[in-house]
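Student: Given next are the chains, with one letter for each unit.
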Amino acid sequence: MMKDENPRSSADEKRLQASEDMFHSVRLDRDKCMGCTNCIKNCPTQAIRVRNGKAVIISERCIDCGECIRTCTHNAKQAVTDSLDSMEKYKFTVALPAPALYSQFKTARTRNHILTALKRIGFDDVFEVAEGAEFVSNATRQYMKENEIKRPVISTACPAIVKLVQVKFPSLIDNLLPLQAPVEAAAGLAKKKFSEQTGLSPDDIGIFFISPCAAKMHTKNAPLRGKKSDIDELISFQDIYMKLRSAIKDIPPYEEEDIATASSFGVRWPNPGGESLAAGTKKFVAVDGINDVVEILETVDTNEDSKFRGLDFIECLACKGGCLGGPLTVKNVYVAQVIMKDMRSEQNCRYKVGELPAKHVDWHDLLWDRKPEHIPVDQLSPNMAEAFRMLSDMEEIGDSLPGIDCGACGAPSCMALAEDIVRGQAKITDCVFKLREKVRGLAVEMFELEGVMPPTMENSSGETDAGDGGETETSYIFDIEDGVRGNNKEESNEDRDEAERGNPADSDKVNSAEAVHSRGTAERSSGTGADWDRYPGSTGAAGKEGESIDDKRYGGLYSGHFADWHNL
Amino acid sequence: MAEENSMHIETPIVKDDFASAGEASSKVKKTLTMLGVKPSHIKRISVAMYEAEINAFIHGGGGMAYTDIYPDHVVIFIEDHGKGIEDISLAMQEGYSTASDEVRMMGFGAGMGLPNMKRNSDDMVIDSSPGNGTRVKMTFDIR
Ligand SMILES: Nc1ncnc2c1ncn2[C@@H]1O[C@H](COP(=O)(O)OP(=O)(O)O)[C@@H](O)[C@H]1O
Ligand code: SF4
Ligand code: SF4
Ligand SMILES: [Mg+2]
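Quick mapping for you: the protein sequence lines, in order, are chains V and S. With this note's numbering applied, the first sequence covers 1 to 568. With this note's numbering applied, the second sequence covers 1 to 143.
Derived by calculation from the structure, the hints in this document are not laboratory data. Note that the structure is predicted; figures quoted are calculated from it, not measured. There may be inaccurate statements among the hints.
Derived DSS-like pairs: lysine-lysine, alpha-carbon spacing no greater than 27 Å straight-line [as the list claims (entries may be wrong)]: (1) 145/V to 371/V; (2) 427/V to 43/S; (3) 106/V to 320/V; (4) 371/V to 83/S; (5) 371/V to 15/S.
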């Protein structure tokens, strides 16, 4: 019965285990992360926490949208991508440039110019993802003719959207367009084409997707059609940019090869609206930016009567500006849009819309062979009785928190902290205000204890104590102090981690120890006092120096004695 | 507020506050999700409740939404003190609406609210008469 008595902890263990095992497209550079909490606030699925001073991603919640990569100014959130070095692994390599690549070079004259440059930097051949987009467009039009499908159909070329629906909108799973994304279609066609052309086994043909997108790594690792994706390697725009740019510089017009096949239709795809136009309906809406997408899907999900319900197609792209604004792009999204207009102009396309030579691809070959599953991340417990209890605890805790969503606890909001607490992943003293309340209580207790000290102990000072027995509170305090400053003292790992983070619970453990053991000499209280100054509302240091907080912050300037108004 | 194995939620539906219209049902939706209620049930409940909430907002001049969640069923009770419904069976007809053009411009008033509520709930009772406001009680089996 032990297990039943404590279902939370076993569930949490599983959850953490799952976090380790599950794959996602973003990783953290621990050295660069400052624990600033910027990213936790911007995550659309509240998938990030700061723990022990570093950001942690809760894998099952992460939809790979790349928002945190953009948000982090310390460059600590990085996309998981492959390296160009892996070209050596294959006998024949093919570059599959995402259409957005055409928008990244001001100096490129034509798509052929860029495609030729890809060959110059070492790829044996090139296959445009835009060509895959044309097949997917055709398949979408065919699918939309079916009567039995749920409308509005929600686009799935953006993998972050599929995962968003899995996590947040399970009842819209049936609205998802069950087709491979252009890059997967292109990868399949390219594998086939080049293994036939070279006589090599498909495994010897390396398909390199040149990607603006972090989320596509998820597609590569967990495809919805077939056991293994035909994409072998995923190369970030950023990693290939410099090489490609210098190759582009060296190619005169007469050396441009005639490679580009896709029509403006396929090239237009990464712009918002590109896919909808390809779907062949006028009743569509194109939404870009993950927060807007969440809002629209929310409306579709609950509001049966809404105008959205009359729509045939909703195109959703996680990035503002679509894939042109992908997290791995180099150019500003608006600059990219301008360049793109030029690149997809008709004179830049050998084939006109619908003329693509290999257009006879059976659209059924692009259909998913499995349905994405609901990922119930918000469910508190598989046991409903337990979930009821947790929910009620959570409300109670939530009500007791200040509700200012400051983020200092490492959770994106006070309610999120309350949820983390009932899930056993955080504690109430992670809230700096709660901690302060507790400290105040302890201070009162300490004061009272001061009063009840037996008079015989009046003469023993802290220093003497330390000299007498090593195991006294003095050395204990030093341990903690050093720990707080991040010294590599001999401590258990756990202690060190906790201390580095200035772990509140741990510190108040110390304080209560102090309250019991010592009489609180001036030295000690100022020692630990300095530490408490890191939390709002403490008056320690500022008070001592006789300076007001405002004086400190504005360095006296605020009073403005010498601010001649002409200077403004 | 929760007693053992149940949960009670009260949310005001505030007159003319367009920014918060739909909040009561989205709060219930969130709660049901955390409790692990099946998505298909959550969908039914949130669609029906949204309609009832919007009716209380648009036609009833605001009111209160009370939700009780139990392990096997959910009860939603929405009341307003607005003008009330003159002919309930007429109001229940698909497409029937007294919404003004202005309200229609805002995307409400397709006349499908009450029929949708009926269709999505397992039991629905309306108590309303002119001048006495409207009370709607819907029950949902969530087993
Ligand atoms: N809470 C209410 N108070 C007053 N009248 C209501 C209320 N709910 C519904 N009605 C009446 O019933 C009609 C039909 O409601 P409904 O089916 O929801 O369609 P709609 O809200 O689109 O008009 C409304 O137009 C209104 O006249
Ligand atoms: S934004 Fe997130 S990942 Fe970047 S430094 Fe701050 S906490 Fe770390
Ligand atoms: S919009 Fe494009 S680049 Fe951004 S996540 Fe979606 S597929 Fe990737
Ligand atoms: Mg209505």
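Student: Which numbered hints turn out to be false for this structure?
Tutor: 2, 4 and 5
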